[in-house]
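2 protein chains.
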Amino acid sequence: MSNALNTLLHNSRPQHLQQLKDLLTIASISAKAEHNADTAHCADFVADALRSAGLHTEVIPTPGHPVVYAEWLGAPDAPTVLIYGHYDVQPVEPLEEWRNPPFSPTIEGDNIVARGATDDKGQMFAHVLAAHALMSVDGKLPCNVKFIIEGEEEIGSPNLDPFLRDHRDRLAADVVLISDTSMWSPGRPGVTVGLRGLTYVEIHVQGATHDLHSGLYGGGVANPINALSRIIAGLHNPDGSVAVPGFYDNVQPLTAEERAEFAALGHDEAQFRAEIGVAESPGEAGYTVLERITARPTLDCNGIWGGYTGEGAKTVLPASAHAKVSCRLVANQTSEEIEAKLRNHVLANLPAGVTARVELHHGAPAFLADRAVPTMIAATNALKTVWGVDPVFMRSGGSIPVVASFKSELGLDSILMGFGLADDRAHSPNEKFSITSFYQGIEASAQFMLELSKLPKK
Amino acid sequence: MSNALNTLLHNSRPQHLQQLKDLLTIASISAKAEHNADTAHCADFVADALRSAGLHTEVIPTPGHPVVYAEWLGAPDAPTVLIYGHYDVQPVEPLEEWRNPPFSPTIEGDNIVARGATDDKGQMFAHVLAAHALMSVDGKLPCNVKFIIEGEEEIGSPNLDPFLRDHRDRLAADVVLISDTSMWSPGRPGVTVGLRGLTYVEIHVQGATHDLHSGLYGGGVANPINALSRIIAGLHNPDGSVAVPGFYDNVQPLTAEERAEFAALGHDEAQFRAEIGVAESPGEAGYTVLERITARPTLDCNGIWGGYTGEGAKTVLPASAHAKVSCRLVANQTSEEIEAKLRNHVLANLPAGVTARVELHHGAPAFLADRAVPTMIAATNALKTVWGVDPVFMRSGGSIPVVASFKSELGLDSILMGFGLADDRAHSPNEKFSITSFYQGIEASAQFMLELSKLPKK
Chain S
-17 MSNALNTLLH NSRPQHLQQL KDLLTIASIS AKAEHNADTA HCADFVADAL
33 RSAGLHTEVI PTPGHPVVYA EWLGAPDAPT VLIYGHYDVQ PVEPLEEWRN
83 PPFSPTIEGD NIVARGATDD KGQMFAHVLA AHALMSVDGK LPCNVKFIIE
133 GEEEIGSPNL DPFLRDHRDR LAADVVLISD TSMWSPGRPG VTVGLRGLTY
183 VEIHVQGATH DLHSGLYGGG VANPINALSR IIAGLHNPDG SVAVPGFYDN
233 VQPLTAEERA EFAALGHDEA QFRAEIGVAE SPGEAGYTVL ERITARPTLD
283 CNGIWGGYTG EGAKTVLPAS AHAKVSCRLV ANQTSEEIEA KLRNHVLANL
333 PAGVTARVEL HHGAPAFLAD RAVPTMIAAT NALKTVWGVD PVFMRSGGSI
383 PVVASFKSEL GLDSILMGFG LADDRAHSPN EKFSITSFYQ GIEASAQFML
433 ELSKLPKK
Chain V
-17 MSNALNTLLH NSRPQHLQQL KDLLTIASIS AKAEHNADTA HCADFVADAL
33 RSAGLHTEVI PTPGHPVVYA EWLGAPDAPT VLIYGHYDVQ PVEPLEEWRN
83 PPFSPTIEGD NIVARGATDD KGQMFAHVLA AHALMSVDGK LPCNVKFIIE
133 GEEEIGSPNL DPFLRDHRDR LAADVVLISD TSMWSPGRPG VTVGLRGLTY
183 VEIHVQGATH DLHSGLYGGG VANPINALSR IIAGLHNPDG SVAVPGFYDN
233 VQPLTAEERA EFAALGHDEA QFRAEIGVAE SPGEAGYTVL ERITARPTLD
283 CNGIWGGYTG EGAKTVLPAS AHAKVSCRLV ANQTSEEIEA KLRNHVLANL
333 PAGVTARVEL HHGAPAFLAD RAVPTMIAAT NALKTVWGVD PVFMRSGGSI
383 PVVASFKSEL GLDSILMGFG LADDRAHSPN EKFSITSFYQ GIEASAQFML
433 ELSKLPKK
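Chains as they are written, first to last, in this note's numbering: chain S, -17 to 440; chain V, -17 to 440.
Just chain S, same shape as in the assembly (with noise of 0.2 angstroms):
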């Protein structure tokens, strides 16, 4: 980074807190229909912010909220980042627990609490101040760099896909830069390597044709609650593993040195227990916590019903219940091989006198980065410049399905360069974001560019 880009940006760390503090004022709501002038607000602002960098910009129509879109493509020769980001943010429910209001951004010691502020302005707004630093000071940017900020991300973003199969040709690039994530901890950047695929099913186990009087009928036929009970039940085997015949079959399997570097982060099990309140962290037996929350397969219930559910006692033998099971996959397992082998298992195994079904909702695949590519190794070299340190390779048990939307739409492959923090309360009251690592943020994105302009154009 030249001094002279060193210097603007120390310069103009006012100048960028002011900016963001007015993209946070603004109630971006993508869910709440009365909120539609405001996210049509932010979009302008943010599309604004981009054409004063100097790019071409563009605030394309979708049948939701738009997409800002903005390019310089003045780097013939460099590679080109496809940096997405979204302005729009969660609902502010509930109220009364915000400290101050969550569109008035607040300034608390090196945070700034407003909601959005690190899901994701903040985080989104540093890749557009990086770019208009660098344009500033050299005229130019080091590389292509486009920009692709969406409205509806929040909404679970409906109208992407068709978004990026529209405008295929024009979104090529090299590679996608996304901050939506965290660092590992204060002071040690991070980049999410590793998300999880997602199966989510609905079990719906039917047993008579109508409710019966529990009094009058039961013990002569099968009770649909009973019925699921034993069928969740038989999902995991004792020793915590995943009862579904096959499940295990194309997890690529951590190597040593992976578990290695898990162990070396030092993740205190002690502390995550008394951070949820539980006494055990029960699991797949064979793995610390930390890889049976990232980087290993796992099923849980999200929900079950059935029956009587009110107040106090109804004695009524319930014609149906259900139960919606999801599955968290790694690599290279597919929802769709995982979808057939739990439904399999389930009707192969269903307690007498009931029927079932499983139905799908719907699967994402998991997310594995290849550490060992060129745009990989800017990254951590950009971020290792900031902060002085090695980022942490990190795993998320999550999913972000933009991830796979850019590959399976475009066939990028995208870095997930995260400056939050895991405490940030993303979708929560309070709302924060560091002040130093939106200013730090902004610094690794400028370098990113410079690290990217070193590598040849595919």
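To be clear, the hints were calculated from the coordinates, so they are not data collected in a lab. Don't take each hint at face value.
One copy or any two copies: either way a pair holds, since identical chains are not told apart in the list.
What the hints assert, rightly or not - No farther apart than 30 angstroms at their CA atoms in a straight line, the calculated lysine-lysine pairs in the BS3-like style are these:
1. 389 to 296
2. 14 to 296
3. 323 to 296
It should be emphasised that the depicted structure is a prediction, and the values quoted were computed from it without experimental measurement.
Given the coordinates of chain S, assemble chain V onto it according to the supplied hints.
Positioned in the frame of chain S, the structure of chain V alone reads:
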């Protein structure tokens, strides 16, 4: 039965039917405050009928709907029967399913269709008319008779136990006679000699202190729904018997004679399955369906809930899960005993990583009548006289709380002489009562009083 009585009963049929129709026009829905005037009016209607029969009659207020009490005590050397019934009815919704308005009694073939026809106005009023007929013919009753007709049975009789306690001396009797059950079949009378008791609990399973993201925590923490499913699955053995240790310790086994009686009833299991739309009717090994639903103890889940139960998919790993579980008991199990055994079993077999509470909702004792006592023989003789065939000794799998109340509060056994039919649609639209059964019920009631008069006063 004297010729005079026989003739009177026969000639009075049109008038008796008209009186029942009048009674059935009164919308005495105890659950609905907007019908309080109707309910009060119904109490007065029944009281007037008893008064005009020549009984000393009072409408006694309670904190809820009043009790109609009547007595005729002019037979100092004869036993006393306490006849229980209720004048209140269930709500009528869904109204659109009624072929005629629920309080516009309609004759359809041999049936009178109206809310309360079988439950319990038609059955209860048969006894009132029997007393009236006996008094008309003889100027006296053959035995001492007390009526207690309450107006809160359909809302759980909240004021009955205190009423029984407050009027214990006045309610002294040799036996309680209740007609609020069914005959075995059209033309075949029955006495219900067995009722199952109940232990109804709620199981609460707690994992983490708050809901977690199933992606970020799945695999690292016990899932309360999965744990609850294991708990519930562990409540039964593979042979369908209840796995709670000691559950069967106090069960009075079915005798060979009782089992032969059950077999002789010709219960059609294929028809049972067809009526409720199931292909199999699994349950405790070694017993027929009829034995299992009436004479064997059972355990059923009545409700279960936890996590996300709305539409679509939510990847929550919930903090808690809950189930309502009830056991139907038979003589000589006690609710207290089974509650304790169930709780101990659940807590002793708790999956790792969760805690649990087992809360009692309520219990009710089982009822098994002694068929050899003179009052029971009087009842069966009366039924045989009217219908010309031996009554069936029936068992019902459900509970009738007032039977337990009469035993606990007054020390009295009940005779359950049902005039209804299993398909009378009590609590449902188009409730009906057989007009033939109504007339025969009047005869049976009169005949029972005559039979009772032959017995020595206790």
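In ascending order, which of the hints set out earlier in this document are inconsistent with the structure?
-> none
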